[in-house]
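Protein sequences appear in the order of chains A and B.
So the first sequence is numbered by my numbering: it starts at -16 and just counts up by one.
So the second sequence is numbered by my numbering: it starts at 841 and just counts up by one.
Treat each hint with caution, since some may be false.
[Claimed, not checked] When the alpha-carbon atoms are kept at most 20 Å apart in a straight line, the in silico PhoX-like pairs for lysine-lysine are as follows:
| hint | chain 1 | residue 1 | chain 2 | residue 2 |
| --- | --- | --- | --- | --- |
| 1 | A | LYS174 | B | LYS1100 |
| 2 | A | LYS86 | B | LYS885 |
| 3 | A | LYS86 | B | LYS1081 |
[To be verified] Chain A stretches covered by chain B per the calculated footprint, using a threshold of three residues with CB under 8 Å from any CB of chain B:
| hint | segment |
| --- | --- |
| 4 | -6 to 0 |
| 5 | 81 to 95 |
| 6 | 115 to 123 |
| 7 | 152 to 166 |
[As the list claims (entries may be wrong)] To list a few chain B residues with every Cβ distance to chain A over 12 Å, as calculated:
| hint | residue |
| --- | --- |
| 8 | ASP899 |
| 9 | PRO905 |
| 10 | THR946 |
| 11 | LYS961 |
| 12 | ARG986 |
| 13 | TYR1005 |
| 14 | PRO1064 |
| 15 | GLU1093 |
| 16 | ALA1095 |
| 17 | GLN1099 |
Since the hints were derived computationally from the structure, they do not count as laboratory data.
Don't be surprised by glycine CBs; every beta carbon is placed ideally from N, CA and C.
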Amino acid sequence: MIILALDALDIHCVQKFDCKNLMQKEYGQTSLKGFSQERTVVLWASFLTGRNMEKEIPIKTQWEFKLQPEQTFLKFFPDYRVIDLPAFSYKQRNHEEERRLLKGYFEDEVTVEEYESLVWRNHEENKRDFFRELGKTSLLIGYFNLADAIGHLSFGLTEKMAVVYEELDKIAGEVRASEEFILIISDHGMKAVGRYGDHSSNGFYSLNRELGLNLPEITSFYNTIRSIAKSEY
Amino acid sequence: MNARLQELEKRSIAIIREAKAQFKNLAVLWSTGKDSTVVLWLCKKAFFGKIPFPVVHIDTGYKFPEMYRFRDEIAREWGLDLIIARNEEALKSGMSPEKGRLECCTQLKTEALKRLLKERKFDALILAIRRDEHGIRAKERYFSPRDEDFRWNYKDQPAELWDIYVKPSEDFSHMRVHPLLHWTEIDVWEYVKQENLPVNPLYFARNGKRYRSLGCMPCTVPIPSTASTIDEIIQEIKTSKIPERAGRAQDKEKAYMMQKLRSLGYM
Chain A
-16 MIILALDALD
-6 IHCVQKFDCK
4 NLMQKEYGQT
14 SLKGFSQERT
24 VVLWASFLTG
34 RNMEKEIPIK
44 TQWEFKLQPE
54 QTFLKFFPDY
64 RVIDLPAFSY
74 KQRNHEEERR
84 LLKGYFEDEV
94 TVEEYESLVW
104 RNHEENKRDF
114 FRELGKTSLL
124 IGYFNLADAI
134 GHLSFGLTEK
144 MAVVYEELDK
154 IAGEVRASEE
164 FILIISDHGM
174 KAVGRYGDHS
184 SNGFYSLNRE
194 LGLNLPEITS
204 FYNTIRSIAK
214 SEY
Chain B
841 MNARLQELEK
851 RSIAIIREAK
861 AQFKNLAVLW
871 STGKDSTVVL
881 WLCKKAFFGK
891 IPFPVVHIDT
901 GYKFPEMYRF
911 RDEIAREWGL
921 DLIIARNEEA
931 LKSGMSPEKG
941 RLECCTQLKT
951 EALKRLLKER
961 KFDALILAIR
971 RDEHGIRAKE
981 RYFSPRDEDF
991 RWNYKDQPAE
1001 LWDIYVKPSE
1011 DFSHMRVHPL
1021 LHWTEIDVWE
1031 YVKQENLPVN
1041 PLYFARNGKR
1051 YRSLGCMPCT
1061 VPIPSTASTI
1071 DEIIQEIKTS
1081 KIPERAGRAQ
1091 DKEKAYMMQK
1101 LRSLGYM
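Could you build all of it, start to finish, from the sequences and the hints given here?
Here's what the structure looks like:
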């Protein structure tokens, strides 16, 4: 099974930019019912464990929060590789640096270009890691935060976001040839605040098989994945 | 009189008179900027020389000295019933843009106005916003209801068909009335010229810079310009590709985003 965990991938943008590879056989919006805020770590942890983790993850220490495999659906797979997913294998150093530059931008010490160049560098690193591992394990999860990181400073700039979505669509395109079960999922969507972007509840999911899901909650994928793992491994 | 300006003026005056007829306790907001000064002038014209309701100036304490001088001169000359609203409590506690621009605006502008509305029980406020200022303002109506937290539901606004402005029957805290909504920045300047209206000297270029939009001193940035007369300003706007409120609006959005990212734990 392959999971593309795409931070802040927004259903309206996927449709607007006509991302054909991201829109697989079945796709739609996810529900974030029960979450008071669209917090990245909370949502990915909830996706992994199948339950709302909001109360268990304090904001102050959220980026260091780490789940054990036994707490997640990973335990249903004989082997797995999880690249950079928050709450599990998050690359602390890379993302700390991104957040430092993001803060610097708001303090007028860093330019958008400096920040974005780091984001793209980290993205390329994840892409290399992901494609190196493709096909080696029964479950591969690749996390890409490009839409979130670029979107926070530029979601209102359509041309820039079109490039981001095109890149993510390309990754999905390269994975698409695989016979395996493919889930593409985001933690939340995004909405424009002038040129900037704020988290929204317009999350996205996409499957290469038809399961007939209807506005699935982000926590409900736990059972779906468990069923797939049990039937295939 | 220029036929276009005559049409704009006619419509604005009709809206102001309609507001006066529909609301018991009306007031007009005046920042001392060019747009709100034009609105004051239209109010004067609508009621034959004397504005029959209070003029509210929200004083953040951080305005340019030229704005205070201009305010006091015009208030005296035009015989305005001027109310100055200040959030003294926030000012005493040291509220300033350094504490966060969004928080500062909320406390010194929004909160000051909320308190005044509560105290004076105004049921409608005339404001000088224009549709061409910002994308979100393009969605505004001439009569725009607000709830007690000043929230505006742009997806649920009264229809304004055939220039009929109706007060919604549902519960609302106060109505915002926008008689300048259909004007553009150039219309405002052409009207200022035609009516020979006084405007703040900060709008005219000095040492290669001028203010295109006036706000609080720490949060308003001048633009490079050599336009030192109204004609030159009109010419400059006609060729400019920079939005009027670019500096000010972006500051607010930037402040909002910074606060949101903080609340999400990014910073």
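Now the hints, each set against the structure:
no.	hint	result
1	A:LYS174 x B:LYS1100	holds, 12 Å
2	A:LYS86 x B:LYS885	violated, 50 Å
3	A:LYS86 x B:LYS1081	violated, 29 Å
4	-6 to 0	violated (count 0)
5	81 to 95	holds (count 4)
6	115 to 123	violated (count 0)
7	152 to 166	violated (count 0)
8	ASP899	holds, 27 Å
9	PRO905	holds, 26 Å
10	THR946	holds, 16 Å
11	LYS961	holds, 33 Å
12	ARG986	holds, 20 Å
13	TYR1005	holds, 29 Å
14	PRO1064	holds, 19 Å
15	GLU1093	violated, 4 Å
16	ALA1095	violated, 9 Å
17	GLN1099	violated, 10 Å
Hints 2, 3, 4, 6, 7, 15, 16, 17 from the earlier list are contradicted by this structure; the remaining hints agree with it.
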